[in-house]
Amino acid sequence: MVWAGEQKGACALTKSPNSDDGISAEDIVLDTILTRHSVSPKRVQSPGPTRAQIDKLMEAAGAAPDHGKLRPWRFIDFPQATRAALADVFEAALRERLPNADSEALSRAREKASRAPVLLGLVLRLNYHSDIPHMDDQIASGGAALQNLLLAVHAMGFGARALSGQAVRTQVFRRALGLSDEETFLCFITIGTPSTAPKRRDRPGPGDLLSTWVPAGPDAGKEAS
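Take the position in the sequence shown, starting the count at 1, then add 306; the result is the number in the working numbering.
Heads up, some of the hints might be wrong.
The calculated EDC-like cross-link candidates involving lysine to aspartate or glutamate, where the alpha carbons are at most 20 Å apart (straight line), are [claimed, not checked]: (1) K348 <-> D437; (2) K375 <-> E365; (3) K362 <-> D394; (4) K375 <-> D443; (5) K375 <-> E488; (6) K348 <-> E410; (7) K375 <-> D437.
FRET-style restraints, in silico, Cβ to Cβ [claimed, not checked]: (8) P504 <-> N433: 35 to 45 Å; (9) E332 <-> L515: 18 to 28 Å; (10) A503 <-> R431: 30 to 40 Å; (11) A503 <-> G374: 39 to 49 Å; (12) T341 <-> S409: 36 to 46 Å; (13) D408 <-> I438: 44 to 54 Å; (14) D394 <-> T341: 52 to 62 Å; (15) I382 <-> T356: 11 to 21 Å; (16) P371 <-> L336: 14 to 24 Å.
None of these hints come from the bench; they were simulated from the model.
A quick note: this is a predicted structure, and the numbers were derived from the prediction, not measured.
For each residue, glycine too, the CB sits at the ideal point set by N, CA and C.
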């Protein structure tokens, strides 16, 4: 089994976890996680993932933790053939927010529909009728699904970025996408082939992220011997 995308010339991982080159499955997984980075839609180009690869991305998202198997999220695909209609939605959404928006602003709003070869949307749909009382679990599941998808995109050799904005909160946008009252549009995900090498970014170290709990009591605050 080869852990890689089909895209040639991209930064896909192409080593098999069962190969004799000394690279383990653990190395591959950790490298994918640690080297993932957001890629601006201005820095991606065609080709994007194929339909078969998009299906694999959905499988990756579907592997996210999901307390109670509620599947409190879904994705929307915006194929190229629908982008002109989506541009109309972005323009109408801006007119709803800013009735006096000038032609330049309207043009910029329309351009958002053609940002990347592949454009997906993530919708959160909280289940308020479940026996599982905590909405936080469902929100966390949506975030995990997004991260799984972004990691899979990176493993295939593509670049992606999650983007939101004020347009997704307008009634025009919600109606156009057929969102129910229980649904919230979280973000767009732009996906394509990186056109430039990524810039290295600083990441927080373990000490910035991890603390050790010390129980309260007469010896609270003392270092363990």
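Okay, the hints, checked on the actual structure:
Among the hinted pairs, K348 with D437 is inconsistent with the structure: their alpha-carbon atoms are about 44 Å apart, more than 20 Å. Our distance criterion of 20 Å between C-alpha atoms is met by K375 and E365, whose separation comes to about 15 Å. Straight-line distance between C-alpha atoms of K362 and D394 comes to about 30 Å, which puts the hinted pair past the 20 Å bound. The straight-line distance between the Cα atoms of K375 and D443 is roughly 11 Å, inside the 20 Å bound, and the hint therefore holds.
Taking the CA atoms of K375 and E488, the gap is about 17 Å. The hint holds against a cut of 20 Å. Only pairs whose Cα atoms come within 20 Å are accepted, and K348 paired with E410 is accepted, the gap being roughly 18 Å. As the CA atoms of K375 and D437 are separated by approximately 12 Å, the hinted pair is consistent with the 20 Å bound. At roughly 37 Å, the beta-carbon separation of P504 and N433 lies within the given 35 to 45 Å, and the hint holds.
Separation of E332 from L515 is about 20 Å and conforms to the stated range, judged on CB atoms against 18 to 28 Å. A hinted range of 30 to 40 Å holds for the C-beta pair A503 and R431, which are about 38 Å apart. The hint said 39 to 49 Å for the Cβ distance between A503 and G374, and at roughly 43 Å that hint holds. A beta carbon spacing of about 42 Å between T341 and S409 agrees with the range 36 to 46 Å that was offered as a hint.
Checked against the hint of 44 to 54 Å, the pair D408 and I438 passes, with Cβ atoms roughly 48 Å apart. In this structure the supplied range 52 to 62 Å is violated for D394 paired with T341, their Cβ-Cβ distance being about 38 Å. In this structure the supplied range 11 to 21 Å holds for I382 paired with T356, their Cβ-Cβ distance being about 18 Å. A C-beta distance of roughly 19 Å is found between P371 and L336, which places it inside the suggested range of 14 to 24 Å.
Violated hints, in rising order: 1, 3, 14; the structure is consistent with all others.
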